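Using the sequences and the hints, build the whole thing.
Number of protein chains: 2
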Amino acid sequence: MTQNTSINRQIVLAERPKGEPTKDTLKLVEAKVPTAGAGEMVLRTEYLSLDPYMRGRMSDAPSYAAPVEIDGVMVGGTVATVVTSNIEGFDVGDFVLSFSGWQDYAVSDGTGVTNLGKSPAHPSWALGIMGMPGFTAWAGLTKIGTPKAGETIVVAAATGPVGATVGQIGKILGCRVVGVAGGAEKCAYAVDELGFDACIDHKADDFAEQLAKASPDGIDVYFENVGGKVLDAVIPLLNPNARMPVCGLVSQYNATELPSGPDRMNWLMGQILRKKVKVQGFIIFDDFGHLYPEFAKEMGAWVETGKVKYREEMIDGLENAPEAFIGLLNGDNFGKRVIRVSEK
Amino acid sequence: MTQNTSINRQIVLAERPKGEPTKDTLKLVEAKVPTAGAGEMVLRTEYLSLDPYMRGRMSDAPSYAAPVEIDGVMVGGTVATVVTSNIEGFDVGDFVLSFSGWQDYAVSDGTGVTNLGKSPAHPSWALGIMGMPGFTAWAGLTKIGTPKAGETIVVAAATGPVGATVGQIGKILGCRVVGVAGGAEKCAYAVDELGFDACIDHKADDFAEQLAKASPDGIDVYFENVGGKVLDAVIPLLNPNARMPVCGLVSQYNATELPSGPDRMNWLMGQILRKKVKVQGFIIFDDFGHLYPEFAKEMGAWVETGKVKYREEMIDGLENAPEAFIGLLNGDNFGKRVIRVSEK
Numbered sequence: 005m006t007q008n009t010s011i012n013r014q015i016v017l018a019e020r021p022k023g024e025p026t027k028d029t030l031k032l033v034e035a036k037v038p039t040a041g042a043g044e045m046v047l048r049t050e051y052l053s054l055d056p057y058m059r060g061r062m063s064d065a066p067s068y069a070a071p072v073e074i075d076g077v078m079v080g081g082t083v084a085t086v087v088t089s090n091i092e093g094f095d096v097g098d099f100v101l102s103f104s105g106w107q108d109y110a111v112s113d114g115t116g117v118t119n120l121g122k123s124p125a126h127p128s129w130a131l132g133i134m135g136m137p138g139f140t141a142w143a144g145l146t147k148i149g150t151p152k153a154g155e156t157i158v159v160a161a162a163t164g165p166v167g168a169t170v171g172q173i174g175k176i177l178g179c180r181v182v183g184v185a186g187g188a189e190k191c192a193y194a195v196d197e198l199g200f201d202a203c204i205d206h207k208a209d210d211f212a213e214q215l216a217k218a219s220p221d222g223i224d225v226y227f228e229n230v231g232g233k234v235l236d237a238v239i240p241l242l243n244p245n246a247r248m249p250v251c252g253l254v255s256q257y258n259a260t261e262l263p264s265g266p267d268r269m270n271w272l273m274g275q276i277l278r279k280k281v282k283v284q285g286f287i288i289f290d291d292f293g294h295l296y297p298e299f300a301k302e303m304g305a306w307v308e309t310g311k312v313k314y315r316e317e318m319i320d321g322l323e324n325a326p327e328a329f330i331g332l333l334n335g336d337n338f339g340k341r342v343i344r345v346s347e348k
Numbered sequence: 005m006t007q008n009t010s011i012n013r014q015i016v017l018a019e020r021p022k023g024e025p026t027k028d029t030l031k032l033v034e035a036k037v038p039t040a041g042a043g044e045m046v047l048r049t050e051y052l053s054l055d056p057y058m059r060g061r062m063s064d065a066p067s068y069a070a071p072v073e074i075d076g077v078m079v080g081g082t083v084a085t086v087v088t089s090n091i092e093g094f095d096v097g098d099f100v101l102s103f104s105g106w107q108d109y110a111v112s113d114g115t116g117v118t119n120l121g122k123s124p125a126h127p128s129w130a131l132g133i134m135g136m137p138g139f140t141a142w143a144g145l146t147k148i149g150t151p152k153a154g155e156t157i158v159v160a161a162a163t164g165p166v167g168a169t170v171g172q173i174g175k176i177l178g179c180r181v182v183g184v185a186g187g188a189e190k191c192a193y194a195v196d197e198l199g200f201d202a203c204i205d206h207k208a209d210d211f212a213e214q215l216a217k218a219s220p221d222g223i224d225v226y227f228e229n230v231g232g233k234v235l236d237a238v239i240p241l242l243n244p245n246a247r248m249p250v251c252g253l254v255s256q257y258n259a260t261e262l263p264s265g266p267d268r269m270n271w272l273m274g275q276i277l278r279k280k281v282k283v284q285g286f287i288i289f290d291d292f293g294h295l296y297p298e299f300a301k302e303m304g305a306w307v308e309t310g311k312v313k314y315r316e317e318m319i320d321g322l323e324n325a326p327e328a329f330i331g332l333l334n335g336d337n338f339g340k341r342v343i344r345v346s347e348k
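Just so you know, the protein sequences line up as chains A and B, in that order. Just so you know, we're using this note's numbering here: the first sequence kicks off at 5 and counts up by one. Just so you know, we're using this note's numbering here: the second sequence kicks off at 5 and counts up by one.
In short, the hints are calculated from the structure, not lab data. Keep in mind that a hint or two might mislead.
Because identical chains cannot be distinguished in the list, a pair is counted as satisfied if it fits within a single copy or across any two copies.
Only pairs whose alpha carbons sit at most 20 Å apart, straight line, appear in this in silico SDA-like list of lysine to any residue [to be verified]:
| # | residue 1 | residue 2 |
| --- | --- | --- |
| 1 | K280 | T146 |
| 2 | K147 | N245 |
| 3 | K36 | G76 |
| 4 | K279 | N245 |
| 5 | K301 | I176 |
| 6 | K147 | P244 |
| 7 | K233 | P266 |
| 8 | K279 | P66 |
| 9 | K27 | I319 |
Every value quoted in this text rests on a predicted model; they were computed, and no experiment measured them.
Structure below.
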């Protein structure tokens with residue numbers, strides 16, 4: 005069944021995954037299409053963003069945000085259209101950026117909803133380059149990473165919406181940019197299309213050696229979004245006073261237990277001390293929300309003039325979102341993965 | 005043998021320690037008293053500072069500073085007097101802050117030497133509250149930790165020259181300050197004399213529980229100088245957007261191998277991400293040297309008016325420095341440990 009006007013398809017959390025999410029983690033249920041009360045509007049989902057942070061919401065481990073409840077609709081950023089509206093400033097047919105979650109319809113009182121107008125050129129881009137991932141790349145790199153021309157930046161998931169943007173901003177700022185990605189095709193894209201100076205395949209046996217070779221002057225900024233073996237290979241290459249913005253640790257999200265020893269926690273602290281490294285975690289809208297207008301202006305101009313390129317991977321059908329999400333955590337995506345929920 | 009005018013006693017690195025330094029690590033040798041050439045001066049050591057970072061210089065592991073060579077004089081901050089001088093601005097009898105190392109006499113061309121004048125009120129304080137440890141506390145806390153009134157600061161080695169200063173500055177800034185120290189006597193001193201709100205004995209079986217109880221609103225700034233079990237107890241208590249200046253990891257300096265697993269390195273990164281923590285290593289004069297005048301002015305006023313208290317532990321005799329240093333790494337000191345090298 006596809007999106008229609010009589011049923012609200014919802015994808016809910018059926019059970020908390022142990023390790024990798026499976027086909028039993030999420031399930032599709034049907035609900036009534038909601039109606040709008042006073043001061044409310046009904047939104048129909050056009051596009052659903054898939055992002056690695058959603059794995060965290062499936063767990064009830066302590067985090068910066070509450071977990072999704074069992075049988076609760078999965079959370080997620082969406083681009084929607086207004087179906088009915090009792091709110092001034094939101095008219096039927098308007099595109100909006102909302103947080104409707106994994107469902108066809110949602111009711112909103114307008115809180116946190118941004119009106120994108122009647123006919124935005126690229127509505128789904130509000131979920132990517134012009135939205136959370138692009139903003140994460142921009143703020144993490146420029147406000148925490150503070151790269152200077154001539155410095156070396158390393159970023160993993162180099163063709164993903166965050167990594168690709170980090171790298172391209174790095175090039176605009178005059179840095180050497182070394183990407184890490186999975187497979188030759190993605191690496192070629194990072195270099196040939198995005199302008200990275202080098203991109204290393206993390207599946208290569210000699211990945212660490214290749215990364216070192218591609219970073220002959222060491223690493224000044226490591227934009228951390230994966231952790232694991234990329235972090236292992238980066239640490240020895242960090243220069244004094246290196247900066248490490250931390251926006252994600254995708255390689256760790258499906259881990260069910262800590263890896264075996266030895267315990268390198270204090271060793272990492274020692275590296276941070278000896279190399280005078282700054283490591284800073286951030287959650288984009290919590291920590292940098294006030295800078296969104298500055299980001300939107302600068303990134304809008306870069307995208308407009310082609311200085312920053314953006315690759316989307318569009319998948320049709322809400323019902324395909326669970327499988328697409330499981331693949332995202334494994335790095336199957338090539339570019340920003342978006343679900344087209346509405347009918348084409 | 006005590007300091008005299010005919011022999012230059014030197015303590016040199018006899019061998020690189022494996023683990024804790026022993027009586028075989030350092031040895032006392034005798035050399036000629038040096039003479040000053042053109043543009044040089046001879047300095048006689050009055051006071052030698054003992055500081056945990058010296059353990060790092062005994063090792064040839066990669067670090068921010070070169071190791072002491074085998075049979076080389078141990079490095080160290082000193083307060084000295086000018087014996088002969090061929091440098092304008094340095095006259096015989098002047099006290100200076102120098103980096104003469106563990107020896108009676110040194111030749112200097114004046115580089116990095118600060119003239120303290122003919123009769124400073126507390127010459128040895130230039131090695132403590134008014135020097136590297138005080139500056140470390142001030143810059144790490146105020147420039148990286150950036151505490152706001154009402155926030156909670158935790159610092160270990162609470163009666164040491166760094167920890168005691170961090171805590172007292174924290175109180176001046178209107179924070180709740182929780183210290184960690186070894187034993188009841190030190191803890192009582194931190195609370196009763198230094199004005200800490202609480203101080204927990206890290207030797208207590210229920211140390212982590214006590215720390216949690218003393219930090220009912222969580223921890224906003226953890227000034228890291230020890231690592232190990234204090235860090236373990238702090239992490240679960242860190243508030244969102246906590247800051248962690250890292251100036252030392254004394255608990256780790258004698259470690260010969262990594263502790264057994266599980267490996268918590270990526271777990272630590274996950275905590276940094278989820279709690280949006282800033283962890284920043286720093287080496288005081290590398291990173292904040294340009295702020296020394298600001299520090300000296302502010303700290304000078306605080307010390308002058310009694311707002312910041314300072315405790316020294318003076319030990320007589322260069323020959324006693326090795327044992328005193330080994331004890332320092334074990335937390336035997338109560339206050340800033342200084343060797344009085346000159347005759348009383």
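>> I want to check one pair: K279 and N245. Are their C-alpha atoms no more than 20 Å apart within a copy, between two copies, both, or neither?
In response: within (6 Å within a copy, 22 Å between copies)
>> For K147 and P244, with the copy left unspecified, which applies at a CA distance of at most 20 Å: within, between, both, or neither?
In response: both (18 Å within a copy, 18 Å between copies)
>> Cα distance capped at 20 Å. Does K233 pair with P266 within a copy, between copies, both, or neither?
In response: both (15 Å within a copy, 16 Å between copies)
>> Within a copy, between copies, both or neither: which one fits K279 and P66 at a CA-CA cutoff of 20 Å?
In response: The answer is between: 10 Å across copies meets 20 Å, while 31 Å in one copy does not.
> How do K280 and T146 come out at 20 Å by Cα distance, when the copy is not named: within, between, both, or neither?
Replying inline: both (19 Å within a copy, 17 Å between copies)
>> Within a copy, between copies, both or neither: which one fits K147 and N245 at a CA-CA cutoff of 20 Å?
In response: Classified as both; 15 Å inside a copy, 15 Å across copies.
>> One pair to classify: K27 and I319, alpha carbons no more than 20 Å apart. Within, between, both, or neither?
In response: Intra 17 Å, inter 70 Å, cutoff 20 Å: intra-copy only.
>> For K301 and I176, with the copy left unspecified, which applies at a CA distance of at most 20 Å: within, between, both, or neither?
In response: within (15 Å within a copy, 42 Å between copies)
> Taking 20 Å as the upper bound on the Cα-Cα distance, should K36 and G76 be classified as within, between, both, or neither?
Replying inline: within (15 Å within a copy, 81 Å between copies)
When each numbered hint is compared with the structure, no violation occurs for any of them.
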